[in-house]
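J.: From first to last, the protein sequence lines stand for chains A and B. Per our numbering, the very first residue in the first sequence carries number 1111; after that it's consecutive. Per our numbering, the very first residue in the second sequence carries number 1111; after that it's consecutive.
One thing to keep in mind: the hints can contain errors.
[As the list claims (entries may be wrong)] Which chain A residues stay away from chain B? Per the calculated CB distances, all over 12 Å, these:
hint, residue
1, Q1139
2, A1185
3, L1188
4, K1190
5, E1232
6, I1246
7, D1285
8, K1313
9, Q1328
10, K1336
11, G1342
12, E1403
13, E1417
[To be verified] Keeping only pairs whose Cα atoms sit at most 30 Å apart, straight-line, the calculated DSS-like set for lysine-lysine is:
hint, chain 1, residue 1, chain 2, residue 2
14, B, K1163, A, K1470
15, A, K1422, B, K1134
16, A, K1346, A, K1310
Please keep in mind that the hints were generated in silico from the structure rather than gathered at the bench. Backbone N, C-alpha and C define an ideal beta-carbon position, used for all residues, glycine too.
Protein chains: 2
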Amino acid sequence: MQTFAFNFLYLLSIQMLYIIMSKKQVTIQDIAKELNITASTVSRALNDHPKIKQSTKELVQNTAKKLNYQPNSIAASLRKGRATTVGMIVPRINRHFFSNVITGVESVLNPAGYNLIICQSEESIEKENENINTLIANRVGGVLISISIETKTFAHLERVLSHHIPLVMFDRIADELDVSMVENDDVSGSYDLTKHILAKGAKTIAWIGGPRSSNIYQNRYNGYKKALEEAGINPKAMTCFEGSITLDSALDFIRPFIEKNKNNMPDAIFSASDYMAMGVIQGLQEAGYKIPEDIMIAGYSNEPFAELISPKLTTVDQFSEEMGRATAKLLLEEIEAKNEYIHKKTTLKPKLIIRESTDK
Amino acid sequence: MQTFAFNFLYLLSIQMLYIIMSKKQVTIQDIAKELNITASTVSRALNDHPKIKQSTKELVQNTAKKLNYQPNSIAASLRKGRATTVGMIVPRINRHFFSNVITGVESVLNPAGYNLIICQSEESIEKENENINTLIANRVGGVLISISIETKTFAHLERVLSHHIPLVMFDRIADELDVSMVENDDVSGSYDLTKHILAKGAKTIAWIGGPRSSNIYQNRYNGYKKALEEAGINPKAMTCFEGSITLDSALDFIRPFIEKNKNNMPDAIFSASDYMAMGVIQGLQEAGYKIPEDIMIAGYSNEPFAELISPKLTTVDQFSEEMGRATAKLLLEEIEAKNEYIHKKTTLKPKLIIRESTDK
DNA sequence: ACACAGAATGCAAACGTTTGCATTTAATTT
DNA sequence: AAATTAAATGCAAACGTTTGCATTCTGTGT
């Protein structure tokens, strides 16, 4: 037993013993002392610097493992002036669309050595502003944002830029700002969808959606309008409703609507949100309408429930993960380019998904 | 115009001009020079230290605003030895349950001055291990984790503890570890659910779910078993299926199952996952079965689609946001307690949600 | 006017890296 | 063998805070 203890101790250097006894964390200094070299060399060895001998690198790596060294990226960030962390602000993380975008972003950023701080604005500009502050305080390497519904001014985003932190907007963008962006071609998506409904024989198509002060819903309206005008139909004559993008808000709209228009219902309702489409469907089914026989319904976003419900919902898929990847790639480009001007705009074409709710 | 420029310059100190011209960031040193005091005082003033005069605090705050100062929490973290950041590892962020837990966690952690780094393990122990490494490298103030399905050993979690970083487990926990945890009482949830189905007149109830090597599904099985045994029914005689918790996996199970058992179908199927319940429902509807008339179906988790589908799905709600809040609170306790031993376990009772799919 | 306590501020080191430049060591040429 | 070049490592400062201890103020009681 004594022999074992002796052998055990013999294998350990004084340095190692010291580290194990004290609660202090292991640093590159400790590795340096252990090997009688400098911290500089250790640092370069760990970062695979070309000027360090291969044998030294291996020595350092082994000692690092032996001492159970864990790099301190806070110290590195302080020295380098920026963190290997990227901030991402979304209105709500539990929206399927956004959590998929996040997944896409991570699939590009993690391999590049970055990780994400995720913030929720909860559709409030104040919260968004606070989020920006914590991200700046954390000296993130970049900021990815999809702005809140409330956001109409952009001083907080300009603060990000003034700290030389690259900014990329996605989905809910602001053309006022001169930054890289990734957007969905909502005009094209809703244009295709409306054409499809027209092809199915509809003459009157009502439109409902979120507030058109938001680019998103304005564009989803514009595509719809364009298709109608091309078909020689006056969109002004159609019913439109703008409200909060929830099932309940749509239900509150559709019930009195049915009451008022029971002898004069449209052939189809295009809801620029799947959630609102759900409300519309429930309201219509309550009132005894058959979908799509009596009235066709289409949504937008391809929420996961769209293919689970009955009738399965025709909608537009937005390739959310792809949007995340595109956003992350633009950010990496900006980071690489340092301060050079390379602001780009990527537009993703969405895809029409035809299901039962318009399949007359 | 000249007068204006002169007045403008007059209002600015040399210090301010210097900062505006150069691209360097504003530090507490700059504020200090501006006011002819030391950085120490500025630091204390900004952190509302009791020994600083009120008038000084105001002076400092005003100058900070004037110079457009943004605190550098990386520097603060380095000095303090830990970041105001908390790491959270979940299998998948786009699972509704997890994104709601995240929301709950943030609602407690943000007001306390922390923000979240979110990592996805994607149900892989290797990825989980990498996640742990980046969180340790970032010297997070704590780690919250729901382990992956694959995770059977816990060396990586012990590494977290050896760095004196508090760890709290939630939902998918490991009783082997001596840390704080928050769990759902899955036994009670599935016991209540099974009792309900029995009360509706079922004599035979099949069980399907994820692998019982995971605590979660073992417990959801145990509650089911307990209710059956209490009713004098032998659970061994019932059909059980363990597979991946997806709609498709359940569909692959149910189709041949129907084929084999068409003259001998159970009265009900309890799926320990809402996703699998969806597959079961689709398979049964395909084959012409009516739910709940011919066969009752129940799920587990109360996914958002559960109340949107037809028939609406009976399931068990897990108060996911509440679980997030509970988890975050335990973490804060651990952080406050420094190294004192206060490992606690919180158990949340889930709630049975009865809907059409079992409402015979 | 003096000592004294308490309030307010200053001093200086520390946190763990990274990195430009200087120096040493090894390899190559003359 | 000396001189030259290239390869490898060392030196020291810097990043922006925080904080224990020391020092300087301010006002109070004698």
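J.: Determine which of the earlier numbered hints do not hold for this structure and return their numbers in increasing order.
T.: Hints 2, 3, 4, 5, 6, 13, 14 and 15 contradicted; others consistent.
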